[in-house]
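Undergrad: According to our numbering, the sequence shown holds residues 428 to 545 in order.
Hints in this document: simulated from the structure, not taken from any laboratory.
Owing to the predicted nature of the structure, the values given are computational and were not obtained by experimental measurement.
Note that CB positions come from ideal geometry on N, CA and C, so glycine has one too.
Among these hints, one or two may not hold up.
For lysine to any residue, the following SDA-like pairs were computed, each having C-alpha atoms within a straight-line distance of at most 20 Å [said to hold, decoys possible]:
1. Lys502 with Gln476
2. Lys500 with Glu515
3. Lys457 with Ala473
4. Lys528 with Asp430
5. Lys524 with Met428
6. Lys528 with Ile508
7. Lys452 with Gln476
8. Lys524 with Met511
FRET-style restraints, in silico, Cβ to Cβ [as the list claims (entries may be wrong)]:
9. Arg472 with Val523: 34 to 40 Å
10. His463 with Asp430: 50 to 56 Å
11. Ile449 with Leu475: 17 to 23 Å
12. Ile449 with Tyr537: 22 to 28 Å
13. Gly504 with Leu475: 44 to 50 Å
14. Val471 with Lys542: 45 to 51 Å
15. Lys522 with Ile449: 22 to 28 Å
16. Gly504 with Asn453: 34 to 40 Å
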Amino acid sequence: MIDYQFFETLLNERLDKLSESISHKNTQIKNIQDTHHKDEGDIVRAGLQGNLEMGMIDLYHNEMRDIRNSLRKLKDGIFGICEMCDDEIDVERLKVKPHAKYCINCRELYEKSQKKER
428 MIDYQFFETL LNERLDKLSE SISHKNTQIK NIQDTHHKDE GDIVRAGLQG NLEMGMIDLY
488 HNEMRDIRNS LRKLKDGIFG ICEMCDDEID VERLKVKPHA KYCINCRELY EKSQKKER
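Working from the sequences, and respecting the hints, build out all of it.
TA: Quick look at the structure:
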């Protein structure tokens, strides 16, 4: 039996942490932009660092979207159901990644299919 309150708390805590991380990354990007760069090498390094920070923000936003979807599933009573096979996702997996979309077997199948597409 899934403890919905436990997972709702876990998901909301992760949302808060991601929101803080995004705010921190935005501050880092602002600092990079505000820094006077002495030469072309500094400019290139700053650009690469800014791109890296923006990439991390994108990853955080994607995870936040997945978490919000999981919170909706909690409200709808379908949390912890694999989106591929409709079986229950193991509670231990959900404790590690509460916004998991797939059970471990389907996740492995998904990853294998992604490798073949590359």
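Undergrad: All the hints need checking, so say for each whether the structure fits it.
TA: Results of checking the hints against the structure:
{"no.": "1", "hint": "Lys502 with Gln476", "verdict": "violated (39 Å)"}
{"no.": "2", "hint": "Lys500 with Glu515", "verdict": "holds (13 Å)"}
{"no.": "3", "hint": "Lys457 with Ala473", "verdict": "holds (11 Å)"}
{"no.": "4", "hint": "Lys528 with Asp430", "verdict": "holds (17 Å)"}
{"no.": "5", "hint": "Lys524 with Met428", "verdict": "holds (17 Å)"}
{"no.": "6", "hint": "Lys528 with Ile508", "verdict": "holds (8 Å)"}
{"no.": "7", "hint": "Lys452 with Gln476", "verdict": "holds (11 Å)"}
{"no.": "8", "hint": "Lys524 with Met511", "verdict": "holds (17 Å)"}
{"no.": "9", "hint": "Arg472 with Val523: 34 to 40 Å", "verdict": "holds (35 Å)"}
{"no.": "10", "hint": "His463 with Asp430: 50 to 56 Å", "verdict": "holds (53 Å)"}
{"no.": "11", "hint": "Ile449 with Leu475: 17 to 23 Å", "verdict": "holds (20 Å)"}
{"no.": "12", "hint": "Ile449 with Tyr537: 22 to 28 Å", "verdict": "holds (27 Å)"}
{"no.": "13", "hint": "Gly504 with Leu475: 44 to 50 Å", "verdict": "holds (46 Å)"}
{"no.": "14", "hint": "Val471 with Lys542: 45 to 51 Å", "verdict": "violated (33 Å)"}
{"no.": "15", "hint": "Lys522 with Ile449: 22 to 28 Å", "verdict": "holds (24 Å)"}
{"no.": "16", "hint": "Gly504 with Asn453: 34 to 40 Å", "verdict": "holds (36 Å)"}
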